[in-house]
Structures are given as structure tokens and as C-alpha cells.
Amino acid sequence: MLFNSFIFLAFLAAVVPATAALRHPRARALFLLFASYAFYAYWDWRFITLLVLASVVDYAIGRKLGATQDAGIRRRLLLLSCLSNLGMLVFFKYFNFFAEGAQAAAASVGWHVESWQLRIALPLGISFYTFRTLSYIIDVYRRRLMPTDSLVDYALFVSFFPMLVAGPIERAGNLLPQFANLKSPSREQIREGMALIALGYFKKVLIGDAAGRVVDSVFGQPELYRSPELLAALLLFTIQIYADFAGYSNIARGIAKLVGVDLMKNFEQPYLSRSFSEFWRRWHISLSRWIWDYLFAPLISAVLRMISRLQLPTVEQEMRLAYPLAVITTMLLCGLWHGAGYTFLVWGGMHGLFLAFERLVVYRGRPIPMQRRIRGFTGRLRFVAGIITTQALVVLGWLFFRAESLDQARYILRQFVHWQGSELTGRFAFMVLVYALVILLLDLVEYRTKSETYLLRLRPAVAAGICTATMFVVCLYLATTKPLPFVYFQF
Amino acid sequence: MRIVLFGLSLLAALIVLDVYLQASGIQTPMETRIDPHLGPTYIPKMPLTRFNEGFYVGSTNRYGYMGPAIPPRSTQGEHRVLLLGDSYVLGHTVLPRHHFARRLESRLEETLGGEFHALNFGKADFNLWNMYQYHHDFAAAFDHDVTLFLVDENDLAPSQQIATDLYPTVKIAGDSLMIDRSFSKSGTYRFYKRVDPLLSHSAILRLAFNSYKMVKRGELAEVLLDKLAPERSLAAVTPEPARELPELSRVILRRLADDQRNILVIHKKLTPELLEEIAATGVPVIDLAACLDSLLAAGHDPYLWPVTGLRGHWNHATHEIIGCFLADELNSQPQLQRLVSQDSSTAN
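Chains as they are written, first to last, in the working numbering: chain F, 1 to 491; chain A, 1001 to 1348.
Hints listed in this document are in silico derivations from the structure and should not be mistaken for laboratory results. By construction, the Cβ of each residue, glycine as well, lies at the ideal position given by its N, Cα and C atoms. Mixed in with the good hints, there may be bad ones.
What the hints assert, rightly or not - Computed list of chain F residues with no C-beta within reach of chain A, every gap over 10 angstroms:
1. V16
2. A38
3. W111
4. E316
5. I328
6. L424
7. R457
8. A461
Claimed, not checked - Simulated restraints on C-beta separations:
9. A:L1038 <-> F:K265: 55 to 63 angstroms
10. A:V1019 <-> F:S186: 50 to 58 angstroms
11. A:V1019 <-> F:A14: 31 to 39 angstroms
12. A:V1019 <-> F:G379: 32 to 40 angstroms
13. F:G379 <-> A:D1196: 32 to 40 angstroms
14. F:S184 <-> A:L1220: 49 to 57 angstroms
15. F:H112 <-> A:A1279: 53 to 61 angstroms
16. A:R1217 <-> F:T449: 42 to 50 angstroms
17. A:A1141 <-> F:I388: 49 to 57 angstroms
18. F:S150 <-> A:V1195: 31 to 39 angstroms
19. F:A14 <-> A:V1215: 20 to 28 angstroms
20. F:Q221 <-> A:N1331: 25 to 33 angstroms
21. F:T389 <-> A:L1220: 47 to 55 angstroms
Chain F extracted, bound-state conformation (with noise of 0.2 angstroms):
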């Protein structure tokens, strides 16, 4: 069931009065689970019984986590769950691409192997609820988070409608409390959940959607477009998975917020970005922190623990050597985490490299700034310079994760590089034009007002009529479009 459809909102209208009508909290807690379940059943329901085992497979790991002193145990239990939610993970997404690999391999050194590949849809949203099972588990096992002793309240947890296929990867630690004692959303929430809905389908449905019919057009087939056709869908991209994921992700906040439960904030005008490092921290927020808490910090302090045996004679040079290795083994799995293929390997590797070349280069491996502090003219020419090639560099990189082939990358940078000019430049040049400011001014505003929520400021009649607008236009461009799916739906 998509976000964007009829049938979503004809959900939503029954799920949220139904939610609130539930007195009791344990009432709503187990209606809020089978309405996901019914949700997730729509896509198709025999992935429910994945969903059903990974909730309770990890509910009763982190039960015996919770139970047992015996650090072996411990060690055995945790190393339990990682396999079976990375077995999942892995058999499901990742078991074509390692198998197509092994036979080029093979085929490489002159050996035949017959073809191992398996006809399987990946489940929706695998990628995110084995991460928000999987820090469960770690959370519980470093003795962060008591482990839940209500199997319903965890089943919601891993299985939470509006953050079901696409996050934000929420931590135990925020939603479990709120699951425990569901209460019914106060004046404050719903009015909130309003604003983000109607500002998500916005972002969604009017930049998003409508960008990606330019971008699924021509990067479906680039040989029929020209070199400002291709430059032109590659910015549009960038506009539409920014408007898409953050769209998606304020409809995800806004819908739980009418339901009573508060959901992280997964981007912070990752555009506006002047380096690297501050991009990932304003970028799909929860994922980068989970890879932060769960993969770079343990693989950065065993890379140090590695390198500490080379005895080297500062701190500042085991962690010159430490940081590139760890950062770009990070990003390579964050962009295989995306996709199973060469092109989100690459996207990674890019990331990972800009990366390490900012920390060690640029600042000299000095701690990067989020704060920004600018002063004279000086002070914004580097804030401007910094954000256009910072940005540069992230299209660059989106180019990788939107193509679908490493050769069809390779033959829109020809184009680029043999630029052919196009009688209809103008025209695209204009259309990004628009995008584009339309998605700056969004977050000027919400860079400004250091809000989301921004339209509440206004009167309530005001921010009632610019909502009610913005939904009847959608819904009337809802009716006559198809529908894209979220970009972030494939991972």
C-alpha cells in the first residue's frame, strides 16, 4: 500500500479515529499491530510470517539477553540473532548478486557453473526492520536498554505501519516507552501530524513524483537524450530522492503523530550541507547514526586496536591510518546496505573517499564543524564555495546510485564529457530551475525557522487553508497519475 494512493488514505482515515476511539493503551497498542500487519499484507501477505518470526525470534533473544549474567551466553545469544537478521538480509537481497559474482568469478578463470540464481521478490522493508531488530538485540546486549517484557509492543516495534518500509530506523529506546503507554494523541500532536502530513505529500507527490516521470524517462533510456537532457535528469534526481525520502519521511511522522507516537526526524536540509560529514548528518538522519553506533564506531576501535600493535608514536597517526580504512569499509556497506549491485558499491566507495579526503585533507584531521559560523564576505564565499562543492560531488554520486548499470554511468559521464548540445535545453534547464527553488525555499524556511512544523507559526485558519489546498491539489494530480512507488521502497 503506497503512501501515495487512495486506497492509503482510505486506510488511514479508518486506522487513526479507530486508534483514538481504543481506551485502554494495551488495546491500541495490539489494533496499532494488526493494522500494520494488514498494511503490510496488502504488498503481499506471505511475507507476514517473516515479519511475524524476525519480531519473535529477537523478542525472545533479548528476553534470554536480559536474563542471563554469563557473558558467553551473552555472546552466544547475540551472535544468534545477528545471523538470523542478517541470514534473512542476506538470502533475500543479497543471495543473486554474491551468486552472480561467484559465477563471473568463475567464469573468469575458465570454469562453467551453472546458474544459481533464485526467482524471489525482496520483502518490502527487509533492509529496514532487521537494522531496528538488529540494534534491539545490541542495544540490549551493551546493557543500553532493558529488554521489553510485552511481545506486542515489540511486534509493533519492528512492524510500525507508518515506518514499516522505509523508516526512519528507529531506535527501541524512543519507541518502545511510547508503545508501553500509548496514549491518545494531544491537540498539540495532531495539529503537528497535520502540517508534516500535508507538507510530506507535498514534497512527495508535487516535487518527488513529478520530477521522477522526467528521471524514469530519460534514464530509461539515455540514448535518446542528450547531453542537457541527461545533465538536467541527473539534478532532477537529486531533487526528486531528496523530495521523495523526506517527503515520505514527514507523511511517516505525521501519520504516527496522529496515532500519539513521535517518530526521530530523519533529514535536516542535507542540501544546505558544506561538507561531507556534516551532509551524513543531516542525511537520512536514522541510518546514519545506526551505522555510526553500530558499525563505524566497533570497526573504527578495531582498526585502532589493529594498528596500535605498528606502534606508532602519536595518536594523531594511528588515527590518520584508522579513520580512511574504517570510514570507506562504512560507507562501502551503507551503499551495499542500498542495493545489491556494482553501482551502489561504487556510490559508497565515493562517499566513503570524500570522506576521508575532508577529515584528513581538508581539515587535517581536525573534527569537522556542524555549527556554522560565518563572518564577513570572506566567511560566505566559503559557506557558498563549500556547499556547491559539496553538492557537486553528491549529484556525482548520485549518478552511481540512480543508474542502472555501471555502463549505463559510464556512458551518461561520455555524454557529459562529449557534450552534444539540445534544442530543448531551455525547457529542462527551466524545469530544474523550479524544482530546485521550490525545494530550497522549503528549506530556507525550515533552516530558518529551525521547524518542520513551520506553518503552525501561522494563524490556525491560515495554516488550515494552505494545508486543505495542498491535499486537494494532490489528491486531484493523485487521480489522474499513476502513482510512483518511494525510492527508498527497493531497499
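Based on the hints, put chain A in the right spot on chain F.
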């Protein structure tokens, strides 16, 4: 006070959204206006972006048809092919440079020499009767050597004249044909004139109009209920195939046969009975069926769009092949070869 504020902010937001929809190309206002003489005509110099099974970015020219602005008077050595037809000719599924008209021009230039222009007078939903009227009233005023009327079975035997309240209609008057323009006195037309300023400036109203058309097509349940919608029976979707040529079509074809420059191009397979009837009218015919069949035989579905996965109008490859096929067919037409040789002798 609250209601007034709500209403004003709603209106202001709608205006801002309308501007955004138009500027980004998501939705344009109505690209046609209804001329009391011609019926619906394209608004000149209107930028258009279309997403359907394909993708189109282009505009109408200053004369109110698609493609490069070729003026009514031709220059020496210039040859023209007028194209009339429905959405297949309009070609709002491919970029203008991929339209079969461009391939037709270049192929004719390659084979015959000289300068060729193909003028695209296609209009969505046009049938043979509308084409005849539009050619008579507008397109024929452009100098031309050949006019191609691209039709299929539905265009030859339409169930009725489309939106007769807003279109001129062709009627048989004794042995000849007359064009009835009484639509301009109809209540619908008067209503249209009142709402026209809004329709021709508002993208949101266009979206609303598109939604209305979607409801009229019976697609509301599918849009609202997605895969829970009851399946529509095939009979409700596919119209009955035409069995014979209506009298009006027969008379129009006979009239077209009077001018050697007119050629009927059939772009979907017709029944042998219909083909016989057409042949009896004497109008020259180019049948694209063989060309499209050869594509199918080679494993290329001429109507399948690989990017969207939809079936609909001709895809890029088909446009390319149809352009070449039409050029080769025209190349064999004696009148065209005569014109080109006349030109070269005049130039010498």
C-alpha cells in the same frame, strides 16, 4: 473571521500551487481554445510537457500546430507533407526530434533531394470527419504537395462525432459536403466562453477536468480502490469493431480522392471488407499494417513502452520505422517525383 481567513488562505495557496504546476511543467492549462469557426484549436506558442506511456517536451508553434513554425507560403524548392490524424500523429509520447515526421523529412531529403517539411496537424481524438473539417478550414491553407490522413478503424467509422457541442460537424448535403458551425450558438459553447478565461489559465482546473474525464471513463473504482477494485469486463473497455464504412466517411473519402495530393494512411489492420470499401472510393492508400507486422515478427511490439511498461501509442523505434516506411512509400508516388524533378529543372 476565521472562515474568511481560511477561504482567503485557501485561495492564495491554490494560486501559488497553480503557478508552480505550470512553471514546473507538471500540468499546463488547457492547450486548446474553441474557435467559433474552427472548433478546438491549439493555442499558439504554448509550451507543453506530457507524461503518458512516453514523455514529451515541446510546444505549439505560432501558427497553432505542433513542431517547427512553417509559414503558410512555401519557398522555392521546398516541399511539404501535411500530416493529419489523431494522437498517433500528434505524437505526445516522444520528443519532437523523435517524431516520425522528422524521419520522414530527412529520408525524403536523402532520397529525393531538395528541402522537405512535414507539418504536424495531429489532434487528440480526431476522427476522419474532424480531419476533413480541419483540413478544409485550416491545414489546406498551408502550401503542400501531399496530405496524409492517418486513420484507423475507429477514425473511419466513429460511433459519433466527438463533442458536437464544441466542434463543427460535417454533413452530407445532396452530392456534396457541408460544414455545420451551429455549435457556436449552443448553450455548451456559451458556457465554455464564460469559463474559458479560467480554463485557459488554470492548471488546477485542468487537473480537475482530467479527473472528471477519468471518472467518465469509468476508472474511478480503480483509482480509489487500487487492486481491490472489481475487474472491468473487456467489453466495457474495448469498443465494438467497425463492420462497414458509414455513409459520411464514404463521401469524405470520395471527396479526398478528387485531389491527387491526398493519401489515406491506415495505421491499424482493417477488415478486408472495410479495405474493399475504401478502395472503391478511389482514394490512394498506404497501409502501415505490413510495416507494423514486420516489427512484431522481429519481436518488437510497436506499442510497448519499455520504460513505463505500458502499451499505447507507437514507441520510439516504431516512429523511426514509420517515418522511413512512409518516406519510401511516398517516394514511389509519381506526383511527388514529378514535383521534385520540376523543381530541379526550374533551379537549373
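Tested hints:
no.	hint	result
1	V16	18 angstroms, holds
2	A38	12 angstroms, holds
3	W111	33 angstroms, holds
4	E316	50 angstroms, holds
5	I328	35 angstroms, holds
6	L424	5 angstroms, violated
7	R457	14 angstroms, holds
8	A461	4 angstroms, violated
9	A:L1038 <-> F:K265: 55 to 63 angstroms	56 angstroms, holds
10	A:V1019 <-> F:S186: 50 to 58 angstroms	36 angstroms, violated
11	A:V1019 <-> F:A14: 31 to 39 angstroms	35 angstroms, holds
12	A:V1019 <-> F:G379: 32 to 40 angstroms	35 angstroms, holds
13	F:G379 <-> A:D1196: 32 to 40 angstroms	54 angstroms, violated
14	F:S184 <-> A:L1220: 49 to 57 angstroms	35 angstroms, violated
15	F:H112 <-> A:A1279: 53 to 61 angstroms	59 angstroms, holds
16	A:R1217 <-> F:T449: 42 to 50 angstroms	44 angstroms, holds
17	A:A1141 <-> F:I388: 49 to 57 angstroms	53 angstroms, holds
18	F:S150 <-> A:V1195: 31 to 39 angstroms	59 angstroms, violated
19	F:A14 <-> A:V1215: 20 to 28 angstroms	23 angstroms, holds
20	F:Q221 <-> A:N1331: 25 to 33 angstroms	30 angstroms, holds
21	F:T389 <-> A:L1220: 47 to 55 angstroms	50 angstroms, holds
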